[in-house]
Amino acid sequence: MKISRRDFLRMAAYSAAAAGITQFDMDKLNQALAAPGGTGKPPVLWFEGLGDQGCIVSTANYFNGTAGIESVLLNNIELRYNQVLMGAAGQLAIDQANAVYNGAPATPTTLPPSYILILTGAMSNLNGYCILGQDNTQQLEMIDYFSKLGARAKWVIFAGSCACFGGVNMIGGNQIQNVPEATLPNHTGGPAFGGYAVTRNQGYRPARSVFIPGCPVHPDWLILTIVHILTNNALPPRDGYGRPISILGSPTLFNATIHSQCPRKPQHDAGQFAVSVGDPVNCLVKVGCRGKDTYADCPSRGWNSTGTGGNGKWCNAPGINHLCIGCSQPMFPAVPFNRQIDNITP
Amino acid sequence: MPTTIIDPIPRIEGHMKVILTIDNPTNGTVIDAQMVGNMYRGFENFMVGQNPLDAPLITQRICGVCPVSHAMAAVNAMDVTAKVQPTPKGRLINNLIHGAEFLHSHILHSYTLMLQDYIDMPSSTVLGAGTLNQGPWAPIYGGDRRVNLTDTNALTGNYVAALTARRKAHTICAILGGKQPHAASFIGGGNSATPSSADIATMTSLLNDIKTFITGSYIPDMNTLFGPTGYYNDYSSKGVGYGKLLSYGVFPQGTDSVNTSLLKRGIYDGTNTVLVMDQNEIVEDVLHAWYTGADNLQPFNGVTNPIVTPSPAPAPSTPTPFPGKTGAYTWNKAPRYKTNGVSKDVYEVGPLARMVVTGDYPAQISVADRGLVRPLESLKVANAMLGWLTDLGGMLSEPSFISYDIPANGVAAGLTEAIRGALGHWVKYDNNKKISHYQIITPTCWNASPLDADGKNGPIEKALIGTFVQSAAQPIEAVRVIHSFDPCMACSIHVIRDDGKTIGKFIV
Chain A
0 MKISRRDFLR MAAYSAAAAG ITQFDMDKLN QALAAPGGTG KPPVLWFEGL
50 GDQGCIVSTA NYFNGTAGIE SVLLNNIELR YNQVLMGAAG QLAIDQANAV
100 YNGAPATPTT LPPSYILILT GAMSNLNGYC ILGQDNTQQL EMIDYFSKLG
150 ARAKWVIFAG SCACFGGVNM IGGNQIQNVP EATLPNHTGG PAFGGYAVTR
200 NQGYRPARSV FIPGCPVHPD WLILTIVHIL TNNALPPRDG YGRPISILGS
250 PTLFNATIHS QCPRKPQHDA GQFAVSVGDP VNCLVKVGCR GKDTYADCPS
300 RGWNSTGTGG NGKWCNAPGI NHLCIGCSQP MFPAVPFNRQ IDNITP
Chain B
0 MPTTIIDPIP RIEGHMKVIL TIDNPTNGTV IDAQMVGNMY RGFENFMVGQ
50 NPLDAPLITQ RICGVCPVSH AMAAVNAMDV TAKVQPTPKG RLINNLIHGA
100 EFLHSHILHS YTLMLQDYID MPSSTVLGAG TLNQGPWAPI YGGDRRVNLT
150 DTNALTGNYV AALTARRKAH TICAILGGKQ PHAASFIGGG NSATPSSADI
200 ATMTSLLNDI KTFITGSYIP DMNTLFGPTG YYNDYSSKGV GYGKLLSYGV
250 FPQGTDSVNT SLLKRGIYDG TNTVLVMDQN EIVEDVLHAW YTGADNLQPF
300 NGVTNPIVTP SPAPAPSTPT PFPGKTGAYT WNKAPRYKTN GVSKDVYEVG
350 PLARMVVTGD YPAQISVADR GLVRPLESLK VANAMLGWLT DLGGMLSEPS
400 FISYDIPANG VAAGLTEAIR GALGHWVKYD NNKKISHYQI ITPTCWNASP
450 LDADGKNGPI EKALIGTFVQ SAAQPIEAVR VIHSFDPCMA CSIHVIRDDG
500 KTIGKFIV
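From first to last, the protein sequence lines are chains A and B. Mapping the first sequence onto numbering that gives the first Met the number 0, position 70 (from 1) lands on 69, and the numbers just tick up by one. Mapping the second sequence onto numbering that gives the first Met the number 0, position 115 (from 1) lands on 114, and the numbers just tick up by one.
Since the hints were derived computationally from the structure, they do not count as laboratory data. Bear in mind that the values here come from a model prediction, so they are computed numbers and not experimental data. Some clues are possibly wrong.
With a Cα cut of at most 20 Å, we get these calculated SDA-like pairs of lysine to any residue [what the hints assert, rightly or not]:
| # | chain 1 | residue 1 | chain 2 | residue 2 |
| --- | --- | --- | --- | --- |
| 1 | A | Lys-291 | A | Asp-268 |
| 2 | A | Lys-40 | B | Ala-128 |
| 3 | B | Lys-433 | A | Ala-333 |
| 4 | A | Lys-285 | B | Leu-52 |
| 5 | B | Lys-461 | B | Ser-236 |
| 6 | B | Lys-427 | A | Val-334 |
| 7 | A | Lys-285 | A | Gly-306 |
| 8 | B | Lys-433 | A | Lys-40 |
| 9 | B | Lys-455 | B | Asp-233 |
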């Protein structure tokens with residue numbers, strides 16, 4: 000594979016930034032939390048709407064080379080509600096979320112008593128389509144309860160494409176088109192949608208909300224964002240869709256296209272295109288790869304601890320040979336994924 | 000009669016509640032149970048019109064715990080319509096990804112999801128006293144915590160170790176699938192991946208680590224809880240249910256995908272194991288589910304039409320969200336199997352069904368047996384995977400897949416096993432080679448199903464009835480029975496489509 004000097008420098012820069020949160024960052028965070036006058040472990044309430052729990056499972060895959068998700072749960076956050084992990088059931092569980100909400104001031108201040116609110120999965124307009132639980136005799140519709148808790152949250156994190164933009168639930172419905180934010184059409188009441196639509200209505204966007212798409216969210220993307228928030232007491236810099244583009248001063252996550260980091264880019268530039276999915280070498284854009292339109296650092300970061308800097312695995316990696324299906328983009332899932340495209344301009 | 004509602008049921012996938020009728024307001028026996036699936040998404044409807052090649056990618060998003068199983072069901076259906084067998088190498092890659100998902104999911108269930116029902120993790124001192132006396136581990140339901148501190152510490156230590164073992168299983172999936180959850184490489188006729196010898200070595204190393212966890216921790220831990228001398232050995236007579244088991248079979252090991260599979264297709268009818276299961280005899284009832292339509296439909300004829308909230312929407316506090324259908328209480332349909340083509344019976348699916356049908360576990364059905372069988376099936380799958388890795392290493396230069404054209408008007412049932420039980424996709428294509436019909440029956444549809452048209456409870460409901468609970472307010476015993484089935488609502492729920500009848504509850 001031929002790599003130009005420019006490509007090499009770009010890949011090298013990504014490798015450094017993409018290695019994920021380092022132990023140094025983690026130590027810095029732990030010191031910040033433990034310092035005199037430090038805020039202590041922040042309460043986190045995490046709800047899942049219309050989703051498949053894939054983002055929770057993915058987050059559980061977090062591993063920084065030294066420590067895994069258990070370290071985050073033990074040392075960095077106080078996870079008071081998460082339906083997959085929590086011990087509490089029924090009213091006992093709802094009481095935990097209510098206690099955090101009731102203990103927080105109406106205008107968010109510091110963590111604690113204010114809290115971080117995380118959503119995975121989409122929300123629905125329709126009564127009964129997504130019920131979170133029951134508070135005494137009242138059934139809790141996800142959108143009502145989440146909107147209530149959002150008002151007092153210091154930070155609101157939408158993790159995964161369903162939570163951000165509606166995700167797979169939007170097939171056949173009103174997909175948010177891939178257009179600049181200023182011209183985004185209002186979402187006018189489809190049955191499923193993400194927080195991007197909700198936060199505008201509820202007034203806690205953009206100042207307090209961050210959108211971390213992906214199907215699922217990469218564990219590093221979520222944990223890095225949390226670390227940035229806790230270390231800096233501020234959201235990371237974001238693009239027009241609210242996606243983080245820099246963490247702790249390093250450009251990363253959603254700041255560049257899959258294509259710009261792809262080891263198959265030299266083949267693209269040389270006009271060497273695959274004619275079917277499964278080609279281990281050539282550029283897959285003519286059979287549907289959306290890497291040119293998709294912002295995420297999968298090639299640099301790799302998935303599931305398989306390696307970084309283009310040596311790990313992701314959907315269109317050499318050796319996997321499938322398509323980037325654009326899962327971090329607002330228009331995801333723009334079906335069909337498998338399609339023939341004839342006219343490609345390098 | 001007093002009722003107890005547990006909503007949410009934690010440590011499952013998705014939104015589920017249970018309504019228990021208990022014969023005494025403080026403690027007593029469960030005399031009725033309703034399992035309520037509390038979420039509707041609508042995949043069956045929005046699959047219509049899609050490109051068949053996209054089915055493995057879209058349907059994986061049904062479940063983030065067992066996406067590979069959905070991909071395999073979709074790919075199996077595609078291959079059957081085209082009458083194509085995957086290449087031997089492609090079959091091995093598929094089995095390895097699917098096998099790694101089995102290991103991940105069983106470990107996830109037994110430790111991350113189930114263990115807190117039995118041990119008082121907040122009292123553990125293994126990570127330092129009081130370390131776990133906080134969210135997400137505390138508070139928990141009290142009552143009937145029998146495990147002493149030494150064993151609680153050991154089990155809690157393995158709860159942490161299990162996170163690592165599970166993560167390594169996902170790394171194996173990603174080495175062949177690109178990422179996990181939601182792998183990329185599932186295509187008709189095999190798999191798109193072309194692993195290297197270095198990949199084989201990495202996967203072998205990871206798999207050996209996981210196998211060490213299974214033999215050194217997982218099997219002994221489940222024996223500590225459920226074995227003949229275990230703390231909860233009385234659970235070998237609890238949560239029995241109907242006593243009938245059904246398996247589609249999984250992990251084909253040759254061109255005969257049914258008879259040579261690692262885990263067999265068949266039923267245990269309560270008396271005998273029969274190595275035949277005919278999908279034509281599967282039907283679904285919707286009488287007690289929030290759908291319109293007829294009962295007793297085979298999935299090739301099935302429909303998924305949700306009751307839509309009438310306008311104006313009822314207030315959120317309305318206890319029954321869909322007053323339009325009397326007697327309905329869940330988003331789950333009720334799948335049933337006609338034993339011998341006649342008697343419409345209720346069957347339990349899952350690892351116990353697979354292992355009993357395959358002949359690797361005695362025909363004992365209970366909460367304890369469901370707990371004991373998971374590490375045993377994990378070991379069987381891990382050992383098979385080591386062989387498949389060796390085989391794969393010997394054919395790295397062979398084709399991973401065989402290309403074919405999607406046939407017009409194709410019809411197929413794609414059957415496989417998800418980790419928590421039998422999974423099927425019933426698929427038809429139209430003459431433009433687009434999907435024209437897609438019905439899905441997931442394992443939790445079977446296990447968490449409601450009353451059927453004949454008035455028979457679903458398997459979990461049946462297993463709950465008769466369970467004695469020491470506290471009607473915190474019925475931990477009922478949670479144990481439910482968790483023994485490893486329910487997954489994300490899977491069992493059908494999906495939303497924008498049908499124009501939506502209500503403007505939230506308007507931007």
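Okay, the hints, checked on the actual structure:
1. Proposed proximity of A/Lys-291 and A/Asp-268 is supported: the alpha carbons are some 12 Å apart, at most 20 Å.
2. Pair hint A/Lys-40 plus B/Ala-128 holds up; C-alpha atoms about 18 Å apart against a cutoff of 20 Å.
3. Restraint check: the Cα-Cα separation between B/Lys-433 and A/Ala-333 comes to about 16 Å, which is no more than 20 Å; the hinted pair holds.
4. At most 20 Å may separate the alpha-carbon atoms for a hinted pair to count; A/Lys-285 and B/Leu-52 meet this at roughly 16 Å.
5. The suggested pairing of B/Lys-461 with B/Ser-236 holds, with an alpha-carbon distance near 14 Å, which does not exceed 20 Å.
6. Distance restraint check for B/Lys-427 and A/Val-334: the Cα-Cα separation of roughly 19 Å lies within the 20 Å cut-off, and the hinted pair is therefore satisfied.
7. Taking the CA atoms of A/Lys-285 and A/Gly-306, the gap is near 27 Å; set against the 20 Å cutoff, the hint is violated.
8. Distance hint between B/Lys-433 and A/Lys-40 is unfulfilled; the C-alpha atoms sit about 52 Å from each other, more than 20 Å.
9. The straight-line distance between the Cα atoms of B/Lys-455 and B/Asp-233 is roughly 27 Å, outside the 20 Å bound, and the hint therefore fails.
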